[in-house]
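> If you want the building blocks of each chain, they are given just below.
Protein chains: 4
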Amino acid sequence: MIVILKDQENKGQIDLLVEWLKKQGVSVQATEGIHRTTLGLIGDTSHIDIDLLRALEIVEDVKRVQEPYKKANRQFHPKDTVVRIGDAEIGGGSFAVIAGPCSVESSEQLSEVASAVKAAGAALLRGGAFKPRTSPYAFQGLREEGIRMLLEAKRQTGLPIVTELMDPSQIPLFEEVDVIQIGARNMQNFELLKEVGALRKPILLKRGLSSTLQELVMSAEYIMAGGNEQVILCERGIRTFETATRNTLDLSAIPVLRQMTHLPIVVDPSHATGYARYVAPMAVAAVAAGADGLMIEVHNNPAAALCDGPQSLTPDAFAEMMKRVLAVRECLA
Amino acid sequence: MIVILKDQENKGQIDLLVEWLKKQGVSVQATEGIHRTTLGLIGDTSHIDIDLLRALEIVEDVKRVQEPYKKANRQFHPKDTVVRIGDAEIGGGSFAVIAGPCSVESSEQLSEVASAVKAAGAALLRGGAFKPRTSPYAFQGLREEGIRMLLEAKRQTGLPIVTELMDPSQIPLFEEVDVIQIGARNMQNFELLKEVGALRKPILLKRGLSSTLQELVMSAEYIMAGGNEQVILCERGIRTFETATRNTLDLSAIPVLRQMTHLPIVVDPSHATGYARYVAPMAVAAVAAGADGLMIEVHNNPAAALCDGPQSLTPDAFAEMMKRVLAVRECLA
Amino acid sequence: MIVILKDQENKGQIDLLVEWLKKQGVSVQATEGIHRTTLGLIGDTSHIDIDLLRALEIVEDVKRVQEPYKKANRQFHPKDTVVRIGDAEIGGGSFAVIAGPCSVESSEQLSEVASAVKAAGAALLRGGAFKPRTSPYAFQGLREEGIRMLLEAKRQTGLPIVTELMDPSQIPLFEEVDVIQIGARNMQNFELLKEVGALRKPILLKRGLSSTLQELVMSAEYIMAGGNEQVILCERGIRTFETATRNTLDLSAIPVLRQMTHLPIVVDPSHATGYARYVAPMAVAAVAAGADGLMIEVHNNPAAALCDGPQSLTPDAFAEMMKRVLAVRECLA
Amino acid sequence: MIVILKDQENKGQIDLLVEWLKKQGVSVQATEGIHRTTLGLIGDTSHIDIDLLRALEIVEDVKRVQEPYKKANRQFHPKDTVVRIGDAEIGGGSFAVIAGPCSVESSEQLSEVASAVKAAGAALLRGGAFKPRTSPYAFQGLREEGIRMLLEAKRQTGLPIVTELMDPSQIPLFEEVDVIQIGARNMQNFELLKEVGALRKPILLKRGLSSTLQELVMSAEYIMAGGNEQVILCERGIRTFETATRNTLDLSAIPVLRQMTHLPIVVDPSHATGYARYVAPMAVAAVAAGADGLMIEVHNNPAAALCDGPQSLTPDAFAEMMKRVLAVRECLA
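Residue numbers (our numbering), protein chains in the order written: chain A, 727 to 1059; chain B, 727 to 1059; chain C, 727 to 1059; chain D, 727 to 1059.
The set of hints was computed from the structure by calculation and includes no laboratory data.
Being a predicted model, the structure only gives us computed values, none of them experimental.
It is possible that part of the hints are untrue.
Because identical chains cannot be distinguished in the list, a pair is counted as satisfied if it fits within a single copy or across any two copies.
Said to hold, decoys possible - With a cut-off of at most 30 Å between alpha-carbon atoms, the simulated DSS-like pairs for lysine-lysine come out as follows:
(1) 920 - 737
(2) 796 - 748
(3) 748 - 857
(4) 1049 - 732
(5) 748 - 737
(6) 737 - 805
(7) 748 - 789
(8) 797 - 844
(9) 797 - 749
(10) 797 - 927
(11) 857 - 796
(12) 796 - 749
(13) 797 - 1049
(14) 920 - 857
(15) 927 - 737
(16) 844 - 732
(17) 748 - 880
(18) 789 - 857
(19) 920 - 796
(20) 737 - 789
(21) 796 - 737
(22) 880 - 1049
(23) 732 - 748
(24) 749 - 789
With the rest of the complex left out, here is chain A (with noise of 0.2 Å):
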């Protein structure tokens, strides 16, 4: 950490500032420049709150070398994490893609919608049943009944399942739910983070609308420091001034993130876009991109059903999407 001290600094504070800062247990080295003069602080720097030291009169800004987190760090933990969910493998060079329904709407519809996206070779269920919606007249998820169907599904097709949770009295419910997401309007609930960071469980953590990469995995770091470490990052689009796509994709997020951590890298090119007809093309771009993972939406009959999103692939279109994925896969590798 590099502390950049004021122009017309005071001898006396700085001198005080120094000695605080030995006591917090790192040492010191202070470099005179012709206009400023900046002290390095040598040693395990991730206790110091930053905000404190910017807080004083006599410091113009601090710069940190180090990251401030540690259990998501690749630089402390080399090795890739492997996320196993029953059959499935996410991370480590295994792959693995997560399909299903924005909302489950009944038994009929996700069952169908299973057993297309177990065929065309999904291996994770996917499905709202507590959803996140803007308006509060808007359709808020089946809930408690939606959760049973999802479970009735894995039942049928012997996929594990995925589904939000929005608030942490839901967690009951969530017992044999195999993979918790957190949406991304709750990557920075803290509370919540907290909660499922006392679970031995699964967590798809997705990237807030406008948070950096960098509290992308501090939150991670929030789920970890609670002892579950089975985080798994999922890129969905940021918000940019661009109003061609709904949200814009960042795919630079999966090299970034790759050298920033060890935990495993889904993208969801369906709600980052937010039109069917560019989910496939991202998809296979977010595969040669190194993603470990994708979380695609699809729906029996988006047309018709009027309860979906347009973003949704028919099975149709994901059996075609997934062959374009695993063929480029395969010539990557």
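Got chain A; can you put chains B, C and D on it based on the hints?
Using the frame of chain A, we list chains B, C and D on its own:
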């Protein structure tokens, strides 16, 4: 609502769609252009899920003519909402300043700051007991103990208190809290919004870092849909590419929200700018733009305490700011 | 085009507006809603200035149904444009890689890099002679001398050359240049666009840092309106809040632009990511998403030269990347 | 400047780097941390290209301690620059309002608006003769004829004129123009900046839609490096995800720029908000935040003319706004 159909549309499907729309209780007027047909929906379209329509194969795009919010909509409720908290009033021409430390640290600190801000003209005391922190290793607030200290400061000074709620499970602790704050990261924590919608207590709702103003009003609508109409909106900066300030304070939000909604609007220049030196000019600017209130971080000894952000004002700087704020309010009255 | 009128509209003013619109050659169909009246304009609306309409006191909003571009519009020109440069072809299924140093530094450097990228499969040579630099004190390029060196390298290797034009006054120097690049910062330098629209030479048009895809196509339309229809669009990253990469590469631009326009699309992962280690994965991903070409920075000795950006690949890394790129193209063919 | 070296660094390479740095005239102090070594560079580092250093294989990151601008830097020139144009002064406590139509349309229109804004207290007249338009089919301005009309209006009213230059070839037409405006889209048109740097005439430099404040100051530095030190900076909104306003007016730019530079700062709320109804509140807010001037679009008959943006004020609304602006300036004096 206007539904724009795709170019090569299918007459049978259009008829089915028109029939379905009529069943939803709206009347439909078709306009045939050279390349495209559009459908104008007439009547109450607030319960029609725009995403459902966009999902249809024959639909190119759907554009709203009416806003999707009702209870918060100024069009239907032209009169300003005034939120009363003890002797303070916010909205409808009344103005109030909320001030206090970022985090509650000790009874002494809080007591000292509370007296100082009251003397300078603040009408409410703020202080964080539950603190959302990016890092799991950073100070998470004094929690229950912090709430206790706030209530003690309230008894001493008579100032009503404002503090942040992070999870529904904490609600019992907030019984004597005067205004519950929902933080920026929880603006779309819809389960939490529903819970505070069931209370009968003013809610200060902060704008999310990447939330549009319409989304902010929709989140207020969540609270109001539950029957709690005492919502105060708070602009606190949005995330942009600019790094000279922590976030970009969007003061245009004031006149824009004024037109959209009858709810009171306060501005938090401390979190938005992130630097104490920019707080006073932006507070004065917010008042000039028509804000109904301000939320300001004040700390009794930012430089020595090592326990507060670089954005806190000293009590003296706060008193100085208050003079300018009140001068501008007076000259614009 | 749909014109949404304000709530309390004035019948006389509406009649005047309708009359004026009819004089512009469009027919008008009014739809009266409960709160608002909307006018549907039927016919060719591309010459109606949307800002003019929005300015009218009785108009609430105007929404386009048709795109404002014609020559670049795929709807009117379904067949892919193929740009031919010497033996290279870009677009319509043909693919080409443009590679070379960020700046031309010397004949030796350029010659060495040109031979290396040609051997690895690049079809065009790039190199900056006129360099847009944020600081007036930074190296501004070898300018005329740089163009001379590029032409020399072209003679040696037979590779056509691509280099950036910054001002109309430089055009005479570009006579033998094969492809003129318009940089991201000049994407809306409309006078420059008009000048290159008068040429009969391929133009590589880079997307501005905060330009929407529609604005990019509108800038291509500027060039095409002048009669020069050989425009290659280049996605090179947009400015967002994320700081882990220099910009955020928006690969969704590929399928989106593919639908909007018939012009070829290339991707520049070097400038977008800003780090050599992310270039290869993003190049491969761009190809998987359907790019017609790539633009890659290659330097013969990035580490020792002290004269190039951290985003350049070594010739060896470039050759390695080319293998993966071509493998993916083959398996997706 | 602080150079952070990579973890597994090579002693020989570090020695070479240190030697090279010393040759650049700076002294180097190394700090060895547990994981990383950092080099502190002492002396004048403004001529060291930060990109060159970042390119080195052994370098992890480079952080600036000093700003890369000199002539515009308040640290080296603490006294406010005052730009004098006829009787008007901008900066150093002096305040001036620039007003007029977006585009010059006719002598009558200009004459009428000029008289009206003068009567209301404007000190300079603005009007676009060369208009940057997104579409090649939109009105491009009256060009030469527009300049002629502006000069005529100047003779009539005595108001100095401000108008936009889009290309160096137009400079001869601007001989009698008092202030040359460089538009947002040309803020990083470096060739144009160099050309106006060679003039001895005030330049009003608008912030680019996605430019940081440091980049704005660097563009001013380009002009000043050419010897023209009469630069006025103009905040006119940045591009964000928010769509309720055309751009997001960043009023924090005022106190931030005030600290960075001694140059005067004006604010353009018309282009920033895009709607006439938001112009007055934001103009007043800008003045409250400390702006040295305002730039306001005024049209004599926005509703009937069909020739101006929805952001123009009527002369009456402008006069009303001026009263509030001057009231705030007075009460904050």
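> Does each hint fit the structure? Answer for all of them.
Hint check:
no.	hint	in the structure
1	920 - 737	neither (43 Å within a copy, 44 Å between copies)
2	796 - 748	within (22 Å within a copy, 36 Å between copies)
3	748 - 857	between (50 Å within a copy, 27 Å between copies)
4	1049 - 732	between (59 Å within a copy, 29 Å between copies)
5	748 - 737	both (17 Å within a copy, 28 Å between copies)
6	737 - 805	between (46 Å within a copy, 27 Å between copies)
7	748 - 789	both (18 Å within a copy, 24 Å between copies)
8	797 - 844	neither (34 Å within a copy, 45 Å between copies)
9	797 - 749	within (25 Å within a copy, 42 Å between copies)
10	797 - 927	within (17 Å within a copy, 41 Å between copies)
11	857 - 796	between (32 Å within a copy, 21 Å between copies)
12	796 - 749	within (22 Å within a copy, 39 Å between copies)
13	797 - 1049	neither (36 Å within a copy, 36 Å between copies)
14	920 - 857	both (21 Å within a copy, 13 Å between copies)
15	927 - 737	neither (53 Å within a copy, 45 Å between copies)
16	844 - 732	neither (62 Å within a copy, 32 Å between copies)
17	748 - 880	neither (56 Å within a copy, 38 Å between copies)
18	789 - 857	between (40 Å within a copy, 23 Å between copies)
19	920 - 796	within (16 Å within a copy, 36 Å between copies)
20	737 - 789	both (21 Å within a copy, 24 Å between copies)
21	796 - 737	between (35 Å within a copy, 27 Å between copies)
22	880 - 1049	within (24 Å within a copy, 41 Å between copies)
23	732 - 748	both (20 Å within a copy, 25 Å between copies)
24	749 - 789	both (20 Å within a copy, 27 Å between copies)
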